[in-house]
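Line by line, the protein sequences give chains A and B.
For the first sequence, my numbering gives the first residue as 992, with consecutive numbering after it.
For the second sequence, my numbering gives the first residue as 7, with consecutive numbering after it.
To be clear, the hints were calculated from the coordinates, so they are not data collected in a lab.
Remember, predicted model here, so these are calculated numbers, not experimental data.
Wrong hints could be hidden among the right ones.
As the list claims (entries may be wrong) - Chain A is faced by these chain B residues, among others (derived, beta-carbon under 10 Å): (1) SER33; (2) ARG78; (3) PRO122; (4) GLY190; (5) LYS333; (6) ILE348; (7) SER397; (8) ALA399; (9) ALA612; (10) LYS616; (11) GLU618; (12) GLN660; (13) ALA664; (14) SER728.
C-beta atoms are modelled at their ideal positions from N, C-alpha and C, and glycine is treated no differently.
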Amino acid sequence: MHKREEMNDKEIFNRIFPTACRYMRVDPIKVDVEFNDKAFEAFGMLMDNVRFKGQHEFMSVKNLMGIDTELTSQSSDLSFYLEGCKDVVIFATTLGVNVDAFSKKLQANDMSRAVIYDSLASALLEFMTDEYEESLNLGAHTFRFAPGYGDIPIQLNYIIIDALSISKKIGIYKASNNMMLPQKSMITFCGMGKEVAPTCAHCIRLKNCSLRKDNLRCYNS
Amino acid sequence: MIKDLLGKKTLFFDGGMGTQLQANGLSVGAIPEELNIDRPELIVMIHENYLKAGADFITTNTFGANAHKMSRAKYPNTDMIKAAVKNADEARKNLGRENDSFIALDIGPIGELLAPIGTLSFDDAYELFKEQIVCVKDDIDCVIFETFGDLYELKAGVLAAKENCDKPIFVSMSFDKSARTLTGTNPETYINVMEGLKVSAIGVNCSLGPKELEPVIKTLLEKSHLPVLIQPNAGLPTLRDGKTVFELTPESFIDALKNVMNEGIAMIGGCCGTTPDFIKIEKENFPVDVKERNVPYRTAVSSSTTTVYLDESVRVCGERLNPTGKKKLQAALREENYEMLISEAIAQEDAGARVLDVNVGLPGIDEAAVMRKIIPMLQEVVSIPLQIDSSNADAIEAACRVYNGKPLINSVNGKDAVMEAVFPVAVKYGGVVIGLALSEEVPKLCEERVAIAEKIIKKAAEYGLTKKDLVIDCLTLTVSAQQAEAAETLKALKVVTDMGLSSTLGVSNISFGLPNRPLINRTFLTLAMHSGLKMPIINPLDRSLMDCIDAFNVISNVDVGCEQYIKNQENVVVQTVTVTKSVSGEGAGNGTSGSGGTKDVGFCIAKGLKDEITEITVAELEKTDAMVLINETIIPALNKVGRDYDSGKIFLPQLIQAAETAKVAFAEVQKHFTVSSEKKGPVILCTVEGDIHDIGKNIVKVVCESYGYEIIDLGKDVPVDSVVDAYKEYHPKAIGLSALMTTTVENMKRTIAALRANNCDVPILVGGAVLTDEIAKEINADYFTEDAMSLVNLLKELKI
């Protein structure tokens, strides 16, 4: 059973609010009651629209690398992250299309709330994916990484979507230019069998990351 | 022939193809359709096994064979489809079953979401489906669309099949445990829309096992008039010894179907995890004859997620999306500025409308083209069905084609030419039609109106439309000119209701030309509802009219327990209104006090008090010149907000709230300007080609507009050429490009290069999460701005 199911809405909100604030470049310590209430109201709207779905598949590293050798051979980071692992687990998670649809509606009439809603949605996706990962009791595994990290080709998303029938199973679709829809979706990997903590080393923003300038990390929200 | 058997004898589909292929060596990531050419003997064997098990239908190995999904395949998709059909035909011939088995061309989803949620256009989806069908249409017995999660995509497929092939069309969607598809369609809506499109059978497959699908199966059996096809998975997937397997055996599968087996299922097969053994056990257990089901017919319209029944209690249709008498809306339509329509639509839905009227008819406007644009835009933001309101049959057809759901069509009248133009559109796309009781002359008496209604019913029947496909408008005439006819309208309402018809009225017509119109409107509305009116077309933001409906629902025992009434009315403060007679005819006065308070315009902007700013601005304009208010209050207030944001005293959401409040104030102040008042700019904004993130760009737009800039918003995923064309058309003072992804920065570079090649000499500003000063220089932009305020400050610096 997911731990998330034991938490009430307020607890989930409190857990994700600091991350959402980071996305909005807001210091969560400095927000006033009015902003907090507005954010919680936006969170209520978000939860009314969320239909979280997750899918995971185990695969050998060999099969993953063989899924499209032209793409996977381009990336040294993929090999780096999976070094020493025999198997990999692929996660696909999404908050569902209703979240996108409601965001569009909010943007038409209440842009301020739309910004808060959007940031909360991004934070909620991370949180729910964390919970989903934890519920699988994977044992030792690397941190979660995705196509687009470092030099891992983002085109791999499309290959994975087709190979694992993700559109059919949980409703993540290909959009133009290697993007996915619904927008609050992600496809990630964990290498199995060893613990590897996240690192900035291979991130494209290493040299100009605003969080690093303030001695913060995106993975320690 | 299929139609001789369908719905009479239980027919059997085959089981999972993917499962069989994986068991025979298909690896992850491999393209199953290639096997039609690479290993035809395997495909033939699988088909034979299902036929031997008792299947009547074999589905071709073409589930993903659309050109987009097959872009990486070794062979053209049409070659693989032809080979698949050939293999199916060979299998049945090998067993001597060519005369008593059927080849179903299997079409699965394209794998991309349709616009406006996604990026694939409806027309492109149609063409992809059409291509799959046309290459084999003479060699198949039917088409089956399977495992669809999106109703709009399914509609594109059904139209492609209907318009290019004369074979029966079966549809099957997938539902999750909440009994909704991936894009939120419920079974009732699915049924209503697909029956309107006149498919031959309707069903459910995949995602879940028979037990989990039972609620959906039962709804299909209870509510659909079509033969029902079900193909569950072999239960839910589970991990065993490191492999994913399906939990049910053939015995437990058939056991899980026992509650529905004898309830009228017309066709049964299986999906993921099922094998020939599953089909065999179905054949042994399902009844030979299909049980007849008596399903009542309803008058219902649908969006993609919501079905509204127009034959039970009162349902409001919002009237405000109609340019008649609305100068601002007319201007917005002419300028192709659809934001106003979007806002009005949302406001009406939030106020309780269950259907929305959409009318874009204006002289000089290409109504069909506007409908094609505006219908998807509206459906992106509201979930309720739309009423397509036009006197132009081409515009009605254009709207119905792109409409996602089953629309309400407003309208036909008693003239043959009008009915002959509109009824075929309703039949083609599955719409409910409003019949207006009006012919060459305006009818006065009840009997005259009823006679026109009967004529409409009779004509509709020639097209296969029944009473349940019609809603009658008994015609509201204005009492100030035709007083006696109001009673005739009410009489006619009663008669058509007794005839079993649903009814509608444009309520506010009744009071035209009279003072205190709200009083006449709500009285007439109450009387009309008592006479049987089901769908009043009104302004749902008019609380007095909505309150009438609340009260009526209580008195007529529809709102049982007065729940809705209490919810809507418990916070209403009842005030005693004193009516005074006045020689000058000023009429009733209001005993309440004014709003008062010490808040001024600047305070409201600083605090983002969007709901209060209008009243306060109006009050200030009574004592302050408009230009003085702008220059000495609004702009300084905005500038202070901007400084507070830059210094970190406030944050982005508060900045946006302040900007939106200022925008409302500006709109109010502008009413006091003469025509010569000028906006700054214009500035073009867009998200570049390939990028569909637009929230950042939209934020910039709101903030710039609050500072008086005219913004031409080209939207998102804007092709390079379109940006160049816009530059040439609008002669902007600056161009702002946004991109969120590193991959689309390349498109930003191409856009800038194209603009430069076309002699663009205005500043090009870029922004977005992945951009920096350095990248901006690399791609030859003039400036990089980090956020909305920086952009506004830069525009001011550049004296734009």
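Hint check:
A distance limit of 10 Å between C-beta atoms decides the matter here; for SER33(B) the minimum to chain A is near 7 Å, and the interface restraint holds. Interface hint status for ARG78(B): upheld, as the beta-carbon distance to the closest one in chain A is roughly 8 Å, under 10 Å. Nearest Cβ of chain A to the Cβ of PRO122(B): about 8 Å, under the 10 Å cut. The hint holds. Here the hint on GLY190(B) is kept, as its CB sits about 6 Å from the closest CB of chain A, short of 10 Å.
A least Cβ separation of about 21 Å between LYS333(B) and chain A goes past the 10 Å threshold, and the interface hint is therefore violated. With 10 Å as the threshold, the beta carbon of ILE348(B) comes within range of chain A, its nearest partner Cβ sitting at about 5 Å, so the hint holds. Of the supplied interface hints, the one on SER397(B) is violated, with its beta-carbon coming no nearer than about 29 Å to a beta-carbon of chain A, more than 10 Å. For ALA399(B), the shortest C-beta to C-beta distance to chain A is roughly 31 Å, which exceeds 10 Å, and the interface hint is violated.
Annotation: interface hint on ALA612(B) violated; nearest CB of chain A at approximately 13 Å, more than 10 Å. Hint status for LYS616(B) relative to chain A: holds, with the closest Cβ pair at about 8 Å, below 10 Å. The restraint placing GLU618(B) at the interface with chain A is violated, with a minimum CB-CB distance near 15 Å, outside the 10 Å limit. The closest approach between the C-beta of GLN660(B) and any C-beta of chain A is roughly 7 Å, which is under the 10 Å cut-off, so the hint is satisfied.
Checking ALA664(B) against chain A by beta carbon gives a least distance of about 9 Å; that is within 10 Å, so the hint holds. Taken as an interface hint, SER728(B) does not check out: its beta carbon lies about 14 Å from the nearest beta carbon of chain A, beyond 10 Å.
Hints 5, 7, 8, 9, 11 and 14 from the list above are not met by this structure, while the remaining hints are.
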